[in-house]
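There are 2 protein chains.
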Amino acid sequence: MSAAPSVNTPSSSSFDLAGWSQRHLARVEHALSRWVGEGAPAGLGEAMRYAVLDGGKRLRPLLVLAAEEAVCSGAEVEASAHAVSDGAALRAACAVELIHAYSLVHDDMPCMDNDVLRRGKPTVHVQFGEAQALLAGDALQAFAFELLTPDDGSVPDGMQAMLCRLLARAAGSAGMAGGQAIDLASVGVALTEDQLRHMHRLKTGALLQGSVMMGVACGPASAQAHEALSDYGAVMGLAFQVVDDILDVIADSATLGKTAGKDAASDKPTYVSLLGLENAQAYARELQVQAHAALARSGLADTRALAALADMVVDRTH
Amino acid sequence: MSAAPSVNTPSSSSFDLAGWSQRHLARVEHALSRWVGEGAPAGLGEAMRYAVLDGGKRLRPLLVLAAEEAVCSGAEVEASAHAVSDGAALRAACAVELIHAYSLVHDDMPCMDNDVLRRGKPTVHVQFGEAQALLAGDALQAFAFELLTPDDGSVPDGMQAMLCRLLARAAGSAGMAGGQAIDLASVGVALTEDQLRHMHRLKTGALLQGSVMMGVACGPASAQAHEALSDYGAVMGLAFQVVDDILDVIADSATLGKTAGKDAASDKPTYVSLLGLENAQAYARELQVQAHAALARSGLADTRALAALADMVVDRTH
Chain R
691 MSAAPSVNTP
701 SSSSFDLAGW
711 SQRHLARVEH
721 ALSRWVGEGA
731 PAGLGEAMRY
741 AVLDGGKRLR
751 PLLVLAAEEA
761 VCSGAEVEAS
771 AHAVSDGAAL
781 RAACAVELIH
791 AYSLVHDDMP
801 CMDNDVLRRG
811 KPTVHVQFGE
821 AQALLAGDAL
831 QAFAFELLTP
841 DDGSVPDGMQ
851 AMLCRLLARA
861 AGSAGMAGGQ
871 AIDLASVGVA
881 LTEDQLRHMH
891 RLKTGALLQG
901 SVMMGVACGP
911 ASAQAHEALS
921 DYGAVMGLAF
931 QVVDDILDVI
941 ADSATLGKTA
951 GKDAASDKPT
961 YVSLLGLENA
971 QAYARELQVQ
981 AHAALARSGL
991 ADTRALAALA
1001 DMVVDRTH
Chain S
691 MSAAPSVNTP
701 SSSSFDLAGW
711 SQRHLARVEH
721 ALSRWVGEGA
731 PAGLGEAMRY
741 AVLDGGKRLR
751 PLLVLAAEEA
761 VCSGAEVEAS
771 AHAVSDGAAL
781 RAACAVELIH
791 AYSLVHDDMP
801 CMDNDVLRRG
811 KPTVHVQFGE
821 AQALLAGDAL
831 QAFAFELLTP
841 DDGSVPDGMQ
851 AMLCRLLARA
861 AGSAGMAGGQ
871 AIDLASVGVA
881 LTEDQLRHMH
891 RLKTGALLQG
901 SVMMGVACGP
911 ASAQAHEALS
921 DYGAVMGLAF
931 QVVDDILDVI
941 ADSATLGKTA
951 GKDAASDKPT
961 YVSLLGLENA
971 QAYARELQVQ
981 AHAALARSGL
991 ADTRALAALA
1001 DMVVDRTH
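Protein chains in written order, with this note's numbering: chain R, 691 to 1008; chain S, 691 to 1008.
Derived from the structure by calculation, the hints contain no laboratory data. Do not rely on the hints blindly, as some may be mistaken.
Which copy is meant is left open, because identical chains are indistinguishable; a pair holds if it fits in one copy or across any two.
Said to hold, decoys possible - Here are the simulated lysine to any residue pairs, SDA-like style, with alpha carbons at most 20 Å apart:
id : residue 1 : residue 2
1  : Lys747    : Arg994
2  : Lys811    : Arg739
3  : Lys958    : Leu874
4  : Lys958    : Gly819
5  : Lys958    : Glu968
6  : Lys811    : Leu965
7  : Lys747    : Leu937
8  : Lys747    : Gln712
9  : Lys958    : Pro731
All chains should be modelled from the sequences, with the hints used to inform the complete structure.
Next comes the structure, spelled out in C-alpha cells:
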C-alpha cells in the first residue's frame, strides 16, 4: 500500500527513475564495496561491510548524485571539471551513506532501540556483538570523512573542506545526533507539531538536506539554485519522516524489512499519532508539491531526477 | 612513583614546561568550554561537556600546539600567517581532544570495558545513561570535524582538508578504532611483542602521532622536519602506552583517577606482562631517547616543548 493515495501528483513521468537509479546505484555499490572496511583489522572490516553493503534504498546517495547532476545541467562545464565534480559526488554519496549506516548500527543497539532486525537481516550487534557494533559505527563515521579527503588531487581542497563541513554539521549535535537526543527525551511525551517537526528536522532532515547540499557543493551553483535546493532538501527531510510514520502504521514488517508498529509500541510521538492517518497522508502530498515548487524556482535546466526522487519518497511502500 | 626510574635522562631542564603548558592549556580549556555542546538539545550538550571539560592531561592538544610552534620556530613567518597557524592549531588541538574524549566515553560503556570511574568522576553512561553516552560520543566525533572546517575564512581550505584527512585516518579503522578492535579480539590471547606493538600503534599511537602531524600541518614544515616529527610522534605513541601499562601495575586508582590493575584483572596483554616490569621501564627510557633523537634531526630551531613533553610522558606518575 502506498503511503499517500495519489490525488494530484505533479508529473515527472517522462523521466525513467528506475533506469537512472540503477545506473547510479551501480557506481555507489561498487565504490562502497571497494572502499568500506578495506584493511580493517580483527573483524572490524567485516562488521563495517555488513552494516553498509547490500542493503537500504540508498536515498541519500541518490540525492547527492541527483543534486550534482542538476547543478551541472545548466552550466557550461568542461570535461575535466565534470570528471572532478562526478568523482567528488561519488565520494560524497558514499560518505553520507556511511553516516546513515553508522547511525542505524548505533540506533539498533540494546541501549537505544534494541532492534534485532534491519533490512531483513540480524542487526550488527546481534551478528557481531555489541562491542564490535559500537566500534564499527565509530569507524564508519571516521571513514566518511576519510572518503571526503583523498590526497590524490582528485577533489579540490575547497570542495573537500566544504563537504566535510556540511557532513559534520548534518551528523552532529545540531543535526542527526541532536535529533536523536530529542527523540530519546520525548518517549511518552506529548509533543506539539512544531516540536515534532523540530525533532525530525534534526534527526532525519539534516542528513537528507545535507545530502542535497553536498551534491550542490560538487558542482557550480548560482545563489538562486543554492537556495532553492536547500528548500527542496528541507522539504524532502520532512516528507521522508511523515511517510516513514505512515508506513510504520499501514505496512507490515516483511514489507518494511524492519519491525513495524515500533513507534506505537514504544509510545513515540509520530505524525500519525499527532495528525491522524488521513491528515498525515495529506501533509505528505502537500510536501511533495512544495518539493516540486522549490525545483521550479531553482533556475536549473534539468531537475528531473530530483523531482522523481521526491515522488518516490512520497509514493514508496517501504 | 615515576613510571621509569631516571638513569640517563636527556636534559630539557632549561625549558619551563609547567609554565608553557599552563599558558597553552588555558587557551584549550577556554576554547573547549566555549565550543563544546553549545546549543545541543535535550541534555546532549551537558553529556558532551561532561565528557570533555575539566579533565585529562590534554596531552594530545599540547602535542598539536608544541608541534605547530616547532615548525614555525625556524621559518620567517609574517604576523598574519602566524595568526592563521595559531588559530588552526587551536582548532586542531580541540578536535583531537574531542576524538580522544569520545573514545573514552564509548570505551567505558558496559559493552566495552564497563568502567564506572574516569578521571575521578562517574563515567558518562553512569551519569547520563547509556543511550545518551552513545549519542554524546557520536556527536563529539562529528563536532571534531566541524571544528576543523570553519566557514569564516580563518583557516585556509587546504589546511582544513589536510587536518580532516589526518584526523579521520588517525581515528578510523586504520587507526584508533582498528586498534580497539584488535584489543577486543586479544583478551586472553598471548600476543607477541610485534603484535602488541601493532595493536598500540593503532589504538593509542595513531592519534598521538596524528596530533603531532596536525600541528605540523598548521605551519610551514620542510620535508626533513615532517619526517622527523612523524618519527617523534610514532615513538611518543609507543612510549605513552608502555608507561600506561607500567602505571597500571605500580600506581593506585586514586593517583590514576581510574581503576588501576584493570589490565591484569581482564587478562589483557600489556608490555609489563610481556616484558616484565624492569624491561618495560628500560624500554620506556629507550623510547625517550629515540624521541629526542628524532627532534635533533628535525632541523627545527626550537623543539624544546616537544622534548619536554617526551620527558613528561615517560616520567609521569599518572
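Okay, the hints, checked on the actual structure:
Taking the shortest alpha-carbon separations for Lys747 and Arg994, only the intra-copy value of 19 Å comes in at or below 20 Å, while the best inter-copy value is 55 Å. Proximity of Lys811 and Arg739 under a CA criterion of 20 Å is satisfied intra-copy only: 13 Å inside one chain copy versus 36 Å between copies. Taking the closest pair of Cα atoms, Lys958 and Leu874 come within 20 Å of each other only inside a single copy of the chain (9 Å); across copies the shortest separation is 35 Å, beyond that limit. Taking identical chains as interchangeable, the C-alpha atoms of Lys958 and Gly819 lie at most 20 Å apart only when they sit on different chains, with a minimum of 19 Å there against 27 Å within one chain.
Only within a single protomer do Lys958 and Glu968 lie at most 20 Å apart by alpha-carbon distance; the minimum there is 19 Å, versus 58 Å between protomers. Taking the closest pair of Cα atoms, Lys811 and Leu965 never come within 20 Å of each other, the shortest separation being 32 Å inside a single copy and 45 Å across copies. Taking identical chains as interchangeable, the C-alpha atoms of Lys747 and Leu937 lie at most 20 Å apart only when both belong to the same chain, with a minimum of 15 Å there against 50 Å between chains. In this homomeric assembly, Lys747 and Gln712 come within 20 Å of each other (Cα to Cα) only inside a single copy, at 11 Å, whereas the closest approach across copies is 52 Å.
Only between protomers do Lys958 and Pro731 lie at most 20 Å apart by alpha-carbon distance; the minimum there is 18 Å, versus 38 Å within a single protomer.
This entry does not satisfy hint 6, going by the numbered hints stated previously; all others are met.
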